[in-house]
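Asks: Going by this note's numbering, 75 is the number at position 12 of the sequence shown; the sequence numbering is gapless.
Don't read these hints as lab results, they were simulated from the structure. These numbers come from a predicted model, not from an experiment. Note that the Cβ used here is the ideal one computed from N, Cα and C, for glycine as well. Possibly wrong hints are sitting among the right ones.
When the alpha-carbon atoms are kept at most 25 Å apart in a straight line, the in silico BS3-like pairs for lysine-lysine are as follows [as the list claims (entries may be wrong)]:
(1) K118 with K132
(2) K147 with K108
(3) K132 with K147
(4) K147 with K123
(5) K147 with K110
(6) K132 with K151
(7) K108 with K123
(8) K118 with K108
(9) K118 with K151
(10) K123 with K110
(11) K151 with K123
(12) K110 with K151
(13) K132 with K108
(14) K118 with K147
(15) K110 with K132
(16) K108 with K151
Restraint-style ranges between C-beta atoms, simulated for each label pair [said to hold, decoys possible]:
(17) Y119 with T66: 53 to 59 Å
(18) S93 with S129: 18 to 24 Å
(19) E114 with Q68: 46 to 52 Å
(20) R65 with G105: 20 to 26 Å
(21) T66 with S124: 31 to 37 Å
(22) Q141 with M64: 39 to 45 Å
(23) G105 with S149: 21 to 27 Å
(24) E136 with R65: 45 to 51 Å
(25) Q68 with T91: 40 to 46 Å
(26) P121 with T66: 48 to 54 Å
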Amino acid sequence: MRTCQRLLAVLLACLPLWSFAGPVDINTASAETLSAELNGIGLAKAKAIVEYREKYGPFKSPDDLSLVKGIGERTVEQNRENIKVSPKPKK
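Take the sequences, apply the hints, and build the full model.
Replies: So this is what it looks like as C-alpha cells:
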C-alpha cells in the first residue's frame, strides 16, 4: 500500500511538468506566450517574432519562423508539433 501511495505522490508531483496546452498560434500569440510555450525561444526571440509578424504580416507556415533573425531551422523542427498557423483573416 505504501508503494502505491509513493507512486501516486511522485506522479502528482510531476503533473505540472506535463504540458496540457495545445499548439501555439504564431500569428496571434504574445511574446510572453511564445517564450513560455516554445522550446529554445526566450523573450528576446519571441519579441523578434512578434515584431517580424507586425512588419511583414502573418506567417504562412511554421517554416516562416526561420525568416526571423535568431531563429534557425533546428528551432523550428524542435517546435513543429507545437506550432499552429492561423489563416490570414478575410477583410
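Asks: Taking each numbered hint in turn, which are not upheld by the structure, reported in ascending numerical order?
Replies: 20 and 21
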